[in-house]
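Q: Based on the provided sequences and hints, a complete structural model is requested.
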Amino acid sequence: MPSSARLSRRRLLVLAAAGALSFALATPATATTWPTQPVRLVVASSAGGNADVVARLLAPEIEKRLRQPVVVENLPGSSGMQGTEAVAKATDDHTLLVGTSSQLVFNLALFDPMPFDLVGALRGVAMINKVPLLLLVNKDEPAASMAAYVESLKARPGQVAYGSGPTGTTTHITGMLWADAVGVELRHVPYRAGSEGLRDLQAGRLSHQFDVAVTAIPQVQSNALKALAVTGRQRLAALPDVPTVAELGYPDFAGYTWNSFAAPSSLPQVAVDRFNQVVAEVLQMPEIRQRLAGFGSEFGGAMTPADVDAFYAEERRVWIPLVREASR
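The sequence shown lines up with residues -31 to -1, 1 to 297 when you count with mature numbering (1 follows the signal peptide of the UniProt record, and there is no 0).
Worth flagging that the hints you see were computed from the coordinates, not collected in a lab. Note that beta-carbon positions come from the ideal geometry of N, C-alpha and C, so glycine has one too. Heads up, a few of these hints could be off.
Okay, derived cross-link-like pairs now, BS3-like style, lysine-lysine, Cα gap no bigger than 30 Å in a straight line [to be verified]: (1) Lys123 x Lys195; (2) Lys33 x Lys99; (3) Lys195 x Lys108; (4) Lys58 x Lys33; (5) Lys58 x Lys123; (6) Lys99 x Lys195.
For each label pair, taking beta carbons as the anchor points, the in silico distance ranges come out as [as the list claims (entries may be wrong)]: (7) Asp276 x Arg168: 24 to 30 Å; (8) Ser235 x His157: 20 to 26 Å; (9) Asp86 x Arg202: 48 to 54 Å; (10) Asp242 x Gln6: 17 to 23 Å; (11) Pro82 x Pro187: 35 to 41 Å.
A: Below, the structure written as C-alpha cells:
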C-alpha cells in the first residue's frame, strides 16, 4: 500500500474515533455519569414523620455512592398531593419522591377527580421497608387492653374523637378501618401532621390515634403514650408485650404503610437502574438494617423497578375498593 494511502487510512481511523467520542459525550447520561447534579428527595409530608425519618437515614449513604449531594425536601400539603404532584411534573431528571401508601394508593381512592394522572406520571424505582402502626392512647387511659378500650368506646357512640395525619394518610385510613372492624362509631379529627395529633393525645384532647411504628415506638418507650395493639402480622421486637390486632380477635385485620422511591415516568431508565442499585446496596448495610429494624420494619429488598410498579398496582387493586367503601 502506498504511504499516502496508509496516511489517509490512518487519518480516517482517527476521525472515526473522534466522532465516536463526540457521540458518546453528546448522548444522555449513562450509568457511570448519572447523576450530574444534586439529587432531590421529596417527602410529601411534614418533617419528623415516618417517610422523613427514613429518607434522612438513607440519604447520607446514597450520597456517598452517587457522589452528588442528596437533599431531602419536605413538601407537605393537600394530604401529600402537593409534593407528589411536584415530583410527577419535575423535568430535571434528578427529583424523586419518597412515596408511601398514603400518596401512591389511598389518595387515588379519596381524591375525585385527581388533579393529575398519578398512575401514569410516576414510576417505581426502589422499595425501602414496610412498617405497621400502633394503636396509641393517653398514658393515663384506664383501659389496660384493646378489648376493654373498645367496650368503653361502644358505651359512648359518636362522642369520642380519634386523631390522624391529613385526611387520606395511612394513620387516617387505618383508624377508619379499625373502627369499622371493631364496630365503634367515632369522630375523626385530621391534623396537618400526625405529630400534632399525638401532642393533643398526650394532653387528653383525643381518645386515640394510630401512628406508624417509626415514630410511635419512641413515644411508647419514653412512656409519653401507651400502646394497646400493633397492626402488623407479628409483634414488634422493640415492644414485645404489645399484641397484634389480629391476635386480639380480628384475624383478618392488618395495617401497614411502606416507604419507597418513585420518580417521574420520564426519568431515563439508566437513572432508574442506577438509583435502584444504590438503594439495594444501602439496604444491605448492617447498621442501616439495624436502624430500620428498630423502627419495626419488615424487609423485602429494594426489588427491581418493574417489581415496584407491580407492587404499586397490587396495593391499588386491594386497597382502593376497601377505602372507598369504608369512607362512604
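Q: Against the structure, test the hints numbered earlier, and report the numbers of the ones violated in rising order.
A: Those not satisfied are hints 5, 7, 8 and 9.
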